[in-house]
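**Q** Position chains B and C relative to chain A; hints supplied.
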Amino acid sequence: MEAILISIGLEPIPAKIISMVIICVVVLLAFVTIGGVLTWVERRISGFMQARLGPNRVGPQGVLQWVADGVKLILKEDLIPDGADRKLFAIAPYFCLIGVFGTMVVFPWGKGVIVADLNVGLFYFISITALVVFGVLMAGWSSNNKWSLIGGMRAAAQIVSYEIPVGMGLLVPILISGTLSMGGIMAAQGWLPWDWMVFKSPFTVVSFIIFFIGSLAEANRTPFDLPEAESELVSGYCTEYTGFRYAVFFLSEWANLFVMGGLTTAVFLGGGNLPGVLEDYTILSILVFLAKVSVIIFVVIWLRWTLPRFRIDQLMDMSWKYLLPGAFIAFLGQAIYMLLTQHLPIVQSVVAVIMFLVFVFVLIRFIIRVRVNIREQRIPVNSPASDVL
Amino acid sequence: MTSALKTEYLTINMGPQHPSTHGVIRFILKTDGEIIYECDPDVGYLHRGIEKIAESVTWQGFVPYTDRVDYVCAMNANLAYCMAVEKLMGIETEIPKRAEYIRVIVCELNRISSHAIAIGAADLDMGAFTPFVHFLREREHINDLLEIACGARLTYNYICIGGVNNDLSPTFLSKTAEFLDHFEVVVEQINRLISYNQIFIKRFANVAVVPAKMAIDYNLVGPNLRGSGVKFDIRKDKPYSVYPELDFDVPIGSGREGTLGDCYDRYMVRVEEIRESIKIIRQCLKQIPDGESKAIVKSTIKPPKGHVYFRTETPRGDTGYFIYSDGNTSPVRLKIRTGSFTGMSIIPEIARGVFIADLVAIIGSLDIVAPELDR
Amino acid sequence: MGAYFQNIKNGFKSAFEGMSISFATMFVRKETVQYPEVNISTNKTIAEKYKGTLMGMPANSRGILDVNLSLCTACQICQKACPIDCIVIDNVKCDKTKLEDEVGNPVLNRFTQKEALKTRTVTRFDINAAKCMYCGLCAMACPTTAIRHTNRFEMNTESQEALILKFVSEEEKARAEKKANDIEAEAAAKKAKAAKEEKVKEKGAEE
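Chains as they are written, first to last, in the numbering used here: chain A, 1 to 389; chain B, 1 to 375; chain C, 1 to 207.
A few of these clues could be false.
Stated by the list, open to error - Restricting the straight-line Cα-Cα distance to at most 30 angstroms, the calculated cross-link-like pairs of lysine-lysine (DSSO-like) are:
(1) Lys-114(C) to Lys-298(B)
(2) Lys-87(B) to Lys-80(C)
(3) Lys-80(C) to Lys-305(B)
(4) Lys-13(C) to Lys-321(A)
(5) Lys-298(B) to Lys-30(C)
(6) Lys-146(A) to Lys-87(B)
(7) Lys-97(B) to Lys-236(B)
(8) Lys-131(C) to Lys-302(B)
The set of hints was computed from the structure by calculation and includes no laboratory data.
Next comes chain A alone, as it looks inside the complex:
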């Protein structure tokens, strides 16, 4: 972008600033659209999983539902509760927004398509998402509502303690690829499934699972959605927010989903890598990346509508007693494995293919189970055959 602007005759410094502004606006628009469309996607998928249709009236198949919701939220009255801390109440949603939006800088949309390929990209990613804790805690405290306070405290405890499994889970790919930059990690993977980071050894599979569970907790998704447990706290830390402030919380939560999916794909699933012959088509790379992110987002939505939620002490137990030891073992195991097989690349490939075949086996068993369940649900009820007269 900067090169284009300089070529039409602008000075370097204004060109840099203008190009930054333009890219910022484009990414912000993309961010808002993604956040909105994901709400529609979630509501449709949740409807299908409950044998009902989701929203399907506004626009074709309901795709404009989020626009209608956004307009409604903007038109609502902006209430600040009596006795609330006005300054903190106003700023809190924006901390959440920055925490999520700031990650877009190192988001790898495809091969070579990245706003800024920092050489500490992954580290920056994890640190900027920690700003969400501030937002949630400020929202809970400044609402002058005991339920929001409890929600805010729970959220802070949860996010802080799950940062550790996320970080430890990410150490294994860093170990394998030797670099912290997102582009570097993507380049260390290939396009074949057994060249992806996740299947490289049993220890990477374990670290992928730990990272995935940790990122669910970071994003406040069921089974870890205590801070906004609808049936207990009416909406947790965002109970007192109305109108546009609520829309900001809402949007940042759904975009966080996309961001976490993107990180998972880029680090573990070889996001955006293409076979040698198709290397030049960046559009194809972006599409491959988005397809993989969609699969991850689908799995996250699927988990939300299947599992109940944890209680706060069980959640803490899980993080400190189950995920953390697992992450340590995975890291040590991977290091020893790499040490033992560093001169035997053939063994590494064979182990990778074996892990991939194990995954395929589990997938086949899953599909068999799904077919049995579909057959059970299709046992007829209220059929014309029973209309005896």
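**A** Using the frame of chain A, we list chains B and C on its own:
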């Protein structure tokens, strides 16, 4: 818990408007962060004066009001009142056999739908949204069946003094048989989705243990009592209607995944009662005789002077009707005893030292329904 | 130690099973009724446009009440049967008529199986549909099925007064009252004539 730092208790109001208290119930909690020290229930937000209304309407005119005492299991409430009045009038042996079988079929169908709501709401409070919707879908089929039978989906006014209001059509019987075949398999599937889920078991097991002696002291009834290991079911121990001719088990709690008498036991007792109800309905469909569906009863009923107390087993336990009549067209005093009221009275005792999230689990497992609580 | 690994194993197994059930439900027929386009009170559109497994409304659904005044004998049994007093009936005398339905057959009293005779007619038949609780006690008590539930359930009005259904129009009321006055006048005249004849007879007997 004790430390040198001075801390204060937080007084929170789990108000009448709350997504997880089933209806309008209020709790005043004193907590230390997340752990509850004291829990004070405040009832009466849904009091409609039904018992007082009974003193000014006719005997048959009161039957629609019994529907509204507990609208989740309206047929059972109708049955309790009608059988109490029949005992007062002394015509309990003149009810035709077919009418008795029809009564048992619709009451057991209503028991299934009431337990479906209880289980589904308990799941919803735990954060699993899908099983509730599945149960509602199955309950829609039961509502459709009962709409064929009597014309209404929720407040039926079908069981009347002397029998039932109209006979069942063959369509109802064949559709019910088909529904039971479908439902038996689907309810097992929903159980595999949620009731055997490890996270769910961890939320419910070992929470709020009610030992058998405490359950009897606090006068718990129904699945709450049976969840603590006490084998008492009015359909078996003080039988009425055609229950002596039917063959079914009474499930009790046995500490499956935790201690005996915890929330999971009470919850699983309801799940197993659904299976027993399916068994009962199948037997009734096979054994139902032909005949009249209503005894000949005068249109203006005037029972003789006296009083009666009659107990039946509704999905929430032992519902009793105490009726005192002095020969007029309305009762002089009518009192309804419901199982939710005693379920509510035990909450302050067992909710000490649990998390707020556990309080939600306790209310869900005790199956407290606000309209029945306050009448 | 064993419990630790057992926990992990059970967690994954139950999550696997649960996820397979949720996924399976995506391939089942959807139960949503697209309401205004699919009208659930007639089973016909349901069969054409709706693909789920729910039923339409059966014929004996208890919807809004309707009265067929040509079958009504003004006996006020429905008014007495209603527990919340939402039916208000006024009646006056009329000629003794035998009730007939559309094809000309006589209407029978459901409970006594005798022919239904009409000696009084209604001048006011108001049903407060806002108060009605759709219990069906009035329809069960009516001897000629004049009052019955339809399966209509949609009745939005703009004011609460519009929800009071009035089944007797003003002209019918005026006509019935006039007829009642005529009958009374006739009966009074007859009585006066009979009294005068009695007096004449008495006088004749005295003399």
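**Q** For each hint, tell me whether it holds in the structure or not.
**A** Verification of the supplied hints:
Between the alpha carbons of Lys-114(C) and Lys-298(B) the distance comes to roughly 18 angstroms, so the proposed pair stays at or under 30 angstroms and holds. With a C-alpha separation of about 25 angstroms, the suggested pairing of Lys-87(B) with Lys-80(C) holds against the 30 angstroms cut-off. Taking the CA atoms of Lys-80(C) and Lys-305(B), the gap is near 23 angstroms; set against the 30 angstroms cutoff, the hint holds. For the given pair, Lys-13(C) sits about 20 angstroms from Lys-321(A) by alpha-carbon distance, which is consistent with the 30 angstroms threshold.
Taking the CA atoms of Lys-298(B) and Lys-30(C), the gap is near 48 angstroms; set against the 30 angstroms cutoff, the hint is violated. In summary, the hint linking Lys-146(A) to Lys-87(B) is not supported, as the alpha carbons are separated by about 53 angstroms, beyond the 30 angstroms threshold. Between Lys-97(B) and Lys-236(B) the alpha-carbon distance is near 19 angstroms, which keeps this suggested pair within the 30 angstroms criterion. Using a Cα cut-off of 30 angstroms, the hinted pair Lys-131(C) and Lys-302(B) holds, with the two alpha carbons roughly 27 angstroms apart.
Hint compliance for this structure: hints 5 and 6 are not met, and every other hint is.
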